[in-house]
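Visitor: From just these sequences and the hints, can you work out the full model?
Taken in sequence, the protein lines are chains Z and X.
Per the numbering used here, the very first residue in the first sequence carries number 1; after that it's consecutive.
Per the numbering used here, the very first residue in the second sequence carries number 1001; after that it's consecutive.
Don't take every hint at face value.
As the list claims (entries may be wrong) - Covered stretches of chain X, as calculated for chain Z (at least 3 residues, CB under 8 Å):
1) 1309 to 1315
2) 1330 to 1343
3) 1349 to 1355
4) 1399 to 1410
5) 1458 to 1471
Treat the hints as calculated values from the structure; they're not laboratory data.
Ideal Cβ placement from N, Cα and C applies to all residues, glycine included.
Residue-level listing of the chains:
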Amino acid sequence: MADLTGVDVEAMGRALGLGIAADDLVEVTHRLNAFIEALAPLAELAPDGPEALPAPVDPDRAS
Amino acid sequence: MTSPPDDLAFLSAAALARLVQAREVSPVDLVELYLGRIERLDPRLCAFITVCADDARRVAREAEQAFALGGAAGPLHGLPFAVKDQFHAKGLRTTAGSRIHDETPADDDATVVARLKAAGAILLGKLSLSEFALGGTVSFPFGQPRNPWHPDHHPGGSSGGSGIATAAALAAFTLGEDTGGSIRGPASHCGVVGLRATWGLISRHGAWCASWSMDVAGPLTRTVEDAALVLGVLAGHDAKDRLTSRRPVPPYRAALTGDVNGLRVGLVRELTHVEATDPEVRGAVLEAAGVLTKLGAVVEEISLPILDVSGAAFMAICDSEAASAHQAWLRSRPADYDQATRRRLYTASLLPSALYHQAMRARARIRQEIMAALGGHDVLLSATQAAAAPPIASEALPVTSKPDAARRFFGHRAHTTPYSLAGVPAISVPCGFSSAGLPIGLQLAGRAFDESTVLRAAHAYEQATAWHTRRPPLATG
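Guide: Written out as structure tokens, the structure reads:
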């Protein structure tokens, strides 16, 4: 998957009402690309695993 | 009465409580002792954001008078404490370590602060933290907190002030908050005990929320017994926090028998032997495993490969939850954030929601596998942090590339985050020092709501070693 560019990230921020300044844009772009890449292995976990609970209200019984 | 010597300041909270009960030391003496140390040492350490000296003195006088008249004394009667400035304390501002703070004094105490006060503890002030308890702060608006073992090194975060104040004996004990390691990390880096309790055991009412599904308040102390003592006061259902458990609170101190004969200990390979763990840290943890073995515990290495994804899953959940709370300020006051906090929150704001959900599913899987491991072992043992406290300057460097960002933000949190994701208790206790003289922490985790076993194992190890008796050089000036 191609990395997001600074232009992409700026536009995504604008869509949320976040005016990401030029000083921040380079680092935010690096962080976001690294974040997405770091999360890629999660998609490869077995799909039949436990469901995400809305909250670990009682971890003793959660499984 | 003359003030007791500074040696008194380093006594454990339990020992101080016994002296107060025996009327060998008064609450006024203790408050003056710690206020004097704060005045002398804190300008260099920057543990405190706010010191409420006048209030502390007034409460100490009242405590002394009440005690003299035979008034009931709580288990923490007369013990001066300080609290991470993430929790409300009546009459004091709550900064959350940010320029975006409201100077308005809080109307009421957070439940944890109220419970400590009700047990007789005396609030000295509020402690430094990474901005909004998120970690990674570059510019601290209330001064750069410094590690009392070496002023050029980080104290850990986000409860950095709590770690410093406990290690440097600026209070009898402190209160912190742990989302992904924010109690255990500073405890490890500052050479003290830090306990993250089971999620839901301790109320979070009156606390600034970093990540609602993982935040846990807890003590930082100089001994394991102190952690048990303070936990006993903090734990239990709170009608103001509907997510707190209704289970009865056991007598934690009674569990500190020193007996770990037959205790089944799982040494987690991924949190000890991985390449990311510094050799000095790994050596100290393996030595600690040897100590437990000599005490009669049965230590065996186990593997939890799923933990390799825990750092990323944690960041996706924690940062997404945090970012959701900051949208208004990110739009209206971006310049008032620390640069690193702002960039972190911007990044999380843009993370696709599908990835957040995948992280939540990964979390359920991590929790399941940790609980399975705890089915066959009473506690899990590992390093608390991959390395001793890093130099302060290293965290202020700009992020220059995607690999740089990956290395700095998605790898080094993995030692503490698995137990945050699982919602189980975990403690850090001192287990050695690096060649640079910086503390190393040992992490012990246990089953949900089984703090007693975690504390028992940690206490037995602590009593068999002398690491907790060392004093940091910057605390003796």
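Visitor: Each of the hints needs a verdict: does it hold here or not?
Guide: A quick look at each hint next to the structure:
1. With 5 residues bearing a CB less than 8 Å from a CB of chain Z, the region 1309 to 1315 of chain X meets the requirement of three and the coverage assertion stands.
2. Using a Cβ-Cβ cut-off of 8 Å, 6 residues of the region 1330 to 1343 of chain X lie near chain Z, which meets the minimum of three, so the contact claim holds.
3. Restraint check on the region 1349 to 1355 of chain X versus chain Z: 5 residues with Cβ-Cβ distances below 8 Å, three needed, restraint holds.
4. For the region 1399 to 1410 of chain X, the proposed coverage by chain Z is satisfied: 10 residues have a C-beta within less than 8 Å of a C-beta in that chain, meeting the threshold of three.
5. Only when three residues or more bring their CB closer than 8 Å to a CB of chain Z does the claim for the region 1458 to 1471 of chain X stand; here the count is 0, and the claim is violated.
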